[in-house]
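Asks: Letter by letter, the chains look like this.
Number of protein chains: 2
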Amino acid sequence: MTEKSFKGRVVLLTAGPTHEPIDPVRFIGNHSTGKMGYALAERFAQLGADVILVSGPTNLHTQHTGIRVKDVTTADEMYKAVLKYAETADIWVFAAAVADYRPKVVADKKIKKAGQELTIELVKNVDIAAALGKQKKEWQFSVGFALETDNESANAKEKLSKKNLDMIVLNSLKDPGAGFAHDTNKITIIEQDATHTFELKKKSEVAQDIINLILERIDG
Amino acid sequence: MTEKSFKGRVVLLTAGPTHEPIDPVRFIGNHSTGKMGYALAERFAQLGADVILVSGPTNLHTQHTGIRVKDVTTADEMYKAVLKYAETADIWVFAAAVADYRPKVVADKKIKKAGQELTIELVKNVDIAAALGKQKKEWQFSVGFALETDNESANAKEKLSKKNLDMIVLNSLKDPGAGFAHDTNKITIIEQDATHTFELKKKSEVAQDIINLILERIDG
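Residue numbers (this note's numbering), protein chains in the order written: chain A, 5 to 224; chain B, 5 to 224.
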């Protein structure tokens with residue numbers, strides 16, 4: 005692999021959490037920091053890719069000139085940004101932790117505390133990777149991420165086919181030192197006919213492992 | 005006012021948001037960054053106070069040796085930490101944006117997306133400032149914060165008496181450049197018989213305004 009293996013290729017990458025507003029003050033969020041997605045974006049860019057990084061709210065910044073950051077807040081905004089750039093991208097990497105549900109109604113004023121109980125009704129967000137899977141062309145390569153707390157491998161395999169993904173990166177919350185907020189991660193990469201397990205590593209090294217496998221597949 | 009006006013005094017201060025878990029991955033949060041609370045903590049410490057800073061999840065750090073930081077995540081954890089230190093503190097400053105409600109049930113595994121809709125039942129959290137108000141001694145001084153999106157002043161006055169506060173700092177979401185995420189803030193300080201309005205300023209300067217008024221009252 006040369007240092008410019010992705011030269012001339014466009015990578016569309018999502019990263020971070022989404023925040024789904026309840027009212028102007030409150031939201032439903034998740035513990036994704038975006039570190040894994042940003043590490044991937046940096047590595048792709050170092051290898052010559054033209055990266056479009058659709059990022060949910062994080063505290064991360066990237067200076068790499070090969071990365072164009074599109075900031076979004078909600079799953080719906082992320083979906084629209086992804087739709088805008090998907091067609092021209094050679095590789096899609098869905099590393100964001102997108103909220104599955106959003107509040108059905110968003111209050112335009114801060115909800116006052118009144119009763120002892122309160123019920124929030126949620127409706128499903130679009131499954132971005134699955135929706136994109138339906139429009140994927142033969143020449144496009146799609147990578148999903150899954151975070152599972154039980155029955156990991158079976159769930160990941162199911163997602164692989166349902167979302168028309170070429171590869172899924174599985175994070176398990178069971179591994180100490182892996183996942184949210186950590187600078188290390190322990191992943192399993194699942195393909196239709198193969199499973200690759202890796203040791204606990206720095207996220208920059210994990211990014212390299214993922215990218216190496218993508219490169220083997222698209223150049224193979 | 006001398007530079008060590010709070011020497012020998014203990015200040016208990018809350019800052020930041022709280023995160024109320026839905027499951028191991030998701031939570032209900034709010035847009036507080038903790039900047040206002042940390043600015044207050046720094047200023048109190050510079051003026052000689054022994055500061056106990058009970059902080060929700062933020063990206064802020066303080067190096068001041070006069071500040072002891074107690075990290076918490078949920079409103080319940082914040083309440084317990086506050087209870088632990090309240091009795092010995094001369095001044096209480098409730099600058100945190102505490103979640104009013106938490107999910108009734110916290111799932112121990114990530115909730116799988118299934119139906120088109122999902123309902124989350126919430127139950128009320130303890131109102132920390134109000135609960136502490138009931139045990140406040142004559143010599144203790146209590147400062148609350150309120151963020152309102154409408155009918156600000158009337159709501160703030162009501163909180164003042166209900167929570168047995170000496171002073172309430174009102175942030176309005178209506179002021180551009182004020183409130184969440186900004187480095188500036190525009191406040192109104194409400195006392196039982198007086199209202200003080202201030203211009204838009206840096207949060208460090210706002211902290212100074214608040215502290216000046218506290219000092220007038222406790223030394224007055």
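These are calculated hints, taken from the structure and not from any lab test. Wrong hints could be hidden among the right ones.
As the list claims (entries may be wrong) - Keeping only pairs whose Cα atoms sit at most 25 Å apart, straight-line, the calculated SDA-like set for lysine to any residue is: (1) K117/B to H35/A; (2) K190/A to E220/A; (3) K116/A to L219/B; (4) K84/A to K116/A; (5) K190/A to V130/B.
Asks: Failing hints, ascending?
Replies: 3, 4 and 5
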